[in-house]
Amino acid sequence: MSNSVISVISRFLEEYTSTTPNKLKVVDAYLLYILLTGALQFLYCLLVGTFPFNSFLSGFISCVGAFILAVCLRIQINPQNKGEFLSISPERAFADFLFAHIVLHLVVINFIG
Amino acid sequence: MDRSRLYGWFLLSLTLAGAQAVTPAHHLSLADVARLQNLLSQPFTDLESAYHSVIGLTKLGAAVPDHDQVCQFIKSQLDPTSVDSIFFAAETSQAISGCEIPVSNETRDILLAAVSEDSSMTQIHRAVSALSSLGLPVVSKEVIGALTARINKEDNVMAITSALLTAARLPQQAEFGGILEEIEDLTARLDDLGGVYLQFEEGLEATATFVTAAYSLSDHVDMEPPLKEDQVIQLVNSIFSKKSWDSLAEASSVASAAAALSSNRFHVPVIVSAQGPATVSHSQPTLQLLVTDVMSQPLASANVLVESAYAVASKSIILSQAPFTLNDGVFELNFMSTQPASGYYQFTIAVAGDSRLVANHIELKVKVSTEVAISNMDLSVVDKDQSIGTKTTRVDFPSKAKIPFTADSHQNFAMSFQLVDVNTGVELTPHQTFVRLHNQKTGQEVVFVAEPDSKNLYKFELDTMERKSEFDSISGTYSLYLIVGDATLENPILWHMADVILKFLDEEAPATIQPKTLYVPKPEIQHLFREPEKKPPTVVSNTFTALILSPFLLLLILWFKLGANISNFSFSPSTILFHVGHAALLGLMYVYWTHLNMFQTLKYLAIIGSITFLAGNRMLAQKAVKRYVSQLVPDTNYILEGPLIPERKAWPLSDDENAADLRPLGSSSLPT
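Keeping their order, the protein sequence lines are chains S and B. UniProt numbering puts the first residue of the first sequence at 1, with every later residue one more than the last. UniProt numbering puts the first residue of the second sequence at 1, with every later residue one more than the last.
The hints are simulated quantities; they were obtained by calculation from the structure and are not laboratory data. The model shown is predicted, which means the values in this text are computed figures rather than measured ones. The beta carbon of each residue, even a glycine, is placed where N, CA and C say it ideally should be. Treat each hint with caution, since some may be false.
Claimed, not checked - Here are some of the chain S residues that sit facing chain B, going by a computed Cβ distance under 10 angstroms:
1. ASN22
2. VAL26
3. LEU32
4. LEU47
5. VAL48
6. PRO52
As the list claims (entries may be wrong) - Capping the alpha-carbon separation at 27 angstroms, the derived lysine-lysine pairs in DSS-like fashion look like this:
7. B:LYS391 x B:LYS441
8. B:LYS400 x B:LYS441
9. S:LYS23 x B:LYS561
10. B:LYS626 x S:LYS23
Said to hold, decoys possible - Distance ranges between label pairs, derived from CB positions:
11. S:GLY113 x B:TYR519: 45 to 55 angstroms
12. S:LEU32 x B:ALA583: 21 to 31 angstroms
13. B:LYS522 x S:ILE61: 43 to 53 angstroms
14. B:GLN631 x S:TYR16: 37 to 47 angstroms
15. S:ILE61 x B:TYR519: 53 to 63 angstroms
Only chain B is shown next, with the shape it has when bound in the complex (with noise of 0.2 angstroms):
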């Protein structure tokens, strides 16, 4: 049960992934083949150059021009002792025919002696190749050893694809195991982006040599590569996404990425787009494919066949399985023998033929469009009480009405008419049906949308009073205008059906025609500052202070009544001092105010408070020592003279005796 439940999982991934797999979004085309063959056809600098160009032209499939001065070339610029040099050299002489490089017994020496675990990875690779090109033996152990080895030490993308390219030039017969595997690890660092792309960060060269040592080993040892479909076509889209290349290297490595893409023996992209616009008609009524593979050759053997074909619009099947011919190596499929109605329809298209073809299932987007006539144009002036109308005149396109139609406010002004296929005679909605009424003298210009109705009959009806803010009320001739417009016809109309003399009430016209003015300065705006708040008159003001000064000397008369004095403020160092740092205090809150902030004045009034502090603790200190003893030793005669509670007195007080009860809190009295 489980299973069972588990392939049903499986196989709905799979339509899952088949329903979104990746499309080609980019190949050769063939100027983009030009453009590379044109770089690669520049005239040599050095052997390595010669080495890319005519290793990139033989791989496009194009010839090498004057193989003899190239031959020439390379065996003036070969230098025997190095093992680079040797490789280039041999390689290149390979391509072209009829050039044999020198060998000698130190050049093998050489190139055998590179052929170790000491030796770089490039350096295996281009000793092997050359050994392999110069027809030398190779001893396949020693080599699968030195690479295996060096895989372990240098771990990078360009290192482990030369040791594929490496073990591709040996001979069938090696054991080849562990380097085959390290095709699979490759493939797991390539980097996703957004399922379109699948490239190394190292860069294009990377990649598409990656993608030519894949697949030639994968040739040689007849096993497929572990690559799956959607990863061959992402790698495709990040291989041939780039048009111009910087060097001869990467130009080359493209060239041969096309090359192993177009011909090895397991996986072959296929590329199928229209030629010219997916779109048939009745003047056009085949559609035609280019089928080719990334380089944009052509694919002999392959049959194209229509999977299915359903109308976007109503989702009714047209075709089922039916098969293109091949025409002069294009694919044709006269569509509209089916006789489609217009509009877009989706295809699905299959290439079958060869069991190597990836990316063979295509979704193509075709347009069918189709001419259209209009029929049985009725123009009518309508009287608005009674609905019969007075003058329907019919209109045959594309002549004009002879009399011009006048309506004023009484009389609403009508149109009627059909769009019909030219072809099939179906009735048409297209996307754009305007009317439009222009004014021959002021050039104004109004546009209405005339809609359908049920029966797919247009009508449109022209109420003058209704309207009459479109027209801004100027009465006048008016030309009419039908304009039928949509991505699926192939003959837009505009037709000057009539004239039409809109009389509107005069009072309401303006004196003189305005331009609609949208795109002039507007009028400037004057910015409005934050208005002061009223203020009292300053009258009432200084009167309010005045006012609320009075209490002071209500305090100072009352302080005076009830007998406070300073009679008894000694003069020590501390009360002067208390008294010297509160009135400082004051003085620096009125600093304050005017000229300091609040850090200022914290500063100053943690020196000053301090001072004060300091100074009135002791103060009152002193006070207290006063009164405790006094009140401990209530006979002398210190401070108090009377008891702690005064007996019950008049208001105000007139006594003196308690009037020396009485003194200021902020001083400290001798002892008389």
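So that you can see chain S by itself, here it is in the shape it has in the complex (with noise of 0.2 angstroms):
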């Protein structure tokens, strides 16, 4: 049983490093990077409690919705994708992806307290 998930994870890796092109793996970089952030701002919450709740709510959000626009921004600059994307090119999807953060960042800050 745990022979076949190992044989699973190591496939798995393998086909990644080979098949991914450079710019996605940036990419994947950065959401590991935020994905790291939000669990460790949630391990700090359970372990010392939710006070000031409001600044806990506001970093983990800004995480998660980091996360989120990161992996929009992927699947829209993914080259096989490029067939349900005809009218966003990358340079779109890029802009787009400031103009949500900046609206992130605004929101974030103004609840962060």
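Dock chain to chain to rebuild the complex, using the hints, since each chain is given by itself in its own frame.
So, in structure tokens, the structure goes:
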């Protein structure tokens, strides 16, 4: 049982490193960073408590929002998905990513207290 | 079938209306009449005040003092060229005897000239009244014509009232039809306040003058005015509710209205009131009523009758159709002769004798009071274990029991007695029957209620164990009182019956007797502010801050490993501007956190954001063009030097050629 899980994971990693373009790997690294930051914030909240709750929420939501936006960017610039995003060039996707981030940060800073 | 139904409804509504008829709430008592007279007897200042005073006093039936002086005054003040002056003088001289105003042709001409459509209503009224008082001839047709024309032009209440008064001075053969209708129109204009008052919004003087005018014209033409009984009573309430008058004009108008309502031919409101409180008892067995008109003058020819009287408590009818006897101006009825039980009785009284009487059915509540006697007062101390009374002592009112009673925790103190009516021997249940125990030393007082059983025998039992909290367990000698009281009792009783020594368990008694402090300042409340929440120690927070910043290091390492670089960074103005703008945006976020509010931030955001947007748009467009061109022409070595999808390679990448595939998104490259 565990053997098959390990073999699945190693195969997945192999495929990943060989088939994904570098651009996407950069974005994936960014996604990992965001994930870790969010997870650590949540851990802190679990350990120490929710005071001040608004700060925790804004930080956590900032991580979640950034993750989502980065995932959207990754989907949109992936050359394999070109057929589905004919009208959106990678530059346009990046511009949307930046604009959405500005709005997200506005809200997060407002809430952080 | 429908007709009889309608008739039935009509009768029903009539009876209902009759059942809720208005009763006079106000009238001029003798004191009010005296006050009115006093006001009207002030010394005159001018002709108008003389007019009001004299007319007012005459209407009240009071004597005008010193006729000669008044006459002299009038003659000296008279101005023969003014209609008003002639009017005041003529009316006043008519009221006092032996005073004649000299009349000249000019006077007559002036007065006759005033009777026309062009003069105001007041002028016409005064001219016609003056002509009539001075005995000069008046042409009715002209007057009525002028009045009718004037009513159309001056539609207010005072003008139409003046028209009515003027018409009343004309000879009886005149054609009054149109003028009489005005009474009904004016009645419709009265304001009904709560069903009790009916008055003009112009005030008391207007209402009172209207009443005077309506009745004087109705008497003159001998036609009943179109005022219903209820309306007459409501007018009475309005006019006589004010007991102090602002001006002589107001006072004389009230006096005229009072006179009109007392002595006209159609409606005379009757005021029935009890002399003193409406109470009868054995010492005072007669119910005395005063029956007067609105000016408190007794009605000579009245027959007063009790239509029915019933007891409020039992609703049984005591009297029916019993007449009052007139005794020295007061109507009397010996109610005690029917031997009523004590309590309240509702009387319906009718005043007859004159078809003009209005509001001649009234309801009166009469109280029959009596004296109470206490009989069979038995005091005893009963042992709890056996219900055999150990000591039963009979005490007679108003003496006191000779020996004090003792009761401790094993015994109950009991009392029973009866309350009877002295005169009839009937058992009574008054409202207040209290038993009061008063500690002579400490001043404590405890009050209990004694309640009657089904046979009207009062019983009271004091269980010392049960009631010890009320006494604070303080043993000692208590004085025992009985308190009996009721509205229908003439002799309320406070009787010190006996002394009772109560013994409580001494341990429970408080060391010092505390007076019950009810009205002292209460202990101060300290406000507890909200405690700030417990914060974790700074060490923990700092550790976690460092921990959270660590993934950023990881990101940088990964990016470096992947070969991301900024080697393709071009220094075109749009690029630089974009990066500067972007950095400024991040800076704005920080400043927003520390200093600004949302509105300021949005303002700066708009400015910086639009610059950044324009620059970024330009930059990205350039980049897009490059990419597009390079994809169209794959042989050119602009950017892409390898296939779009690289071949399988192990992680991490180490070849430099594949690193060239990658460009940071935020840069544009110059063709090599």
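Pairwise hint evaluation, LYS441 (chain B) against LYS391 (chain B), where the allowed Cα distance is 27 angstroms at most: Answer holds: LYS391 (chain B) to LYS441 (chain B) is near 26 angstroms, not above 27 angstroms.
Range hint compliance [Cβ, GLN631 (chain B) to TYR16 (chain S), 37 to 47 angstroms]: violated (25 angstroms)
Distance restraint hint 43 to 53 angstroms, applied to the beta-carbon atoms of LYS522 (chain B) and ILE61 (chain S): The hint (43 to 53 angstroms, Cβ to Cβ) holds, given that LYS522 (chain B) and ILE61 (chain S) are roughly 50 angstroms apart.
Distance restraint hint 21 to 31 angstroms, applied to the beta-carbon atoms of LEU32 (chain S) and ALA583 (chain B): holds (25 angstroms)
Pair hint outcome, LYS23 (chain S) versus LYS561 (chain B) [Cα-Cα no greater than 27 angstroms]: holds (13 angstroms)
Restraint check, 10 angstroms cut-off on beta carbons, for VAL26 (chain S) near chain B: Since chain B brings a Cβ to about 5 angstroms from VAL26 (chain S), closer than 10 angstroms, the hint holds.
C-beta pair GLY113 (chain S), TYR519 (chain B): status relative to the range 45 to 55 angstroms that was hinted: Given range 45 to 55 angstroms: holds, Cβ gap about 50 angstroms.
Satisfaction of the hinted span 53 to 63 angstroms by the C-beta atoms belonging to ILE61 (chain S) and TYR519 (chain B): holds (59 angstroms)
27 angstroms Cα cutoff - pair LYS626 (chain B), LYS23 (chain S): holds (17 angstroms)
Chain B contact restraint on VAL48 (chain S) - CB to CB distance below 10 angstroms: holds (4 angstroms)
Proposed interface contact between PRO52 (chain S) and chain B, which counts if any beta carbon pair is under 10 angstroms: holds (8 angstroms)
Restraint check, 10 angstroms cut-off on beta carbons, for ASN22 (chain S) near chain B: Hint holds; ASN22 (chain S) Cβ to chain B Cβ min 4 angstroms, cut 10 angstroms.
In summary, the one numbered hint that this structure violates is 14.
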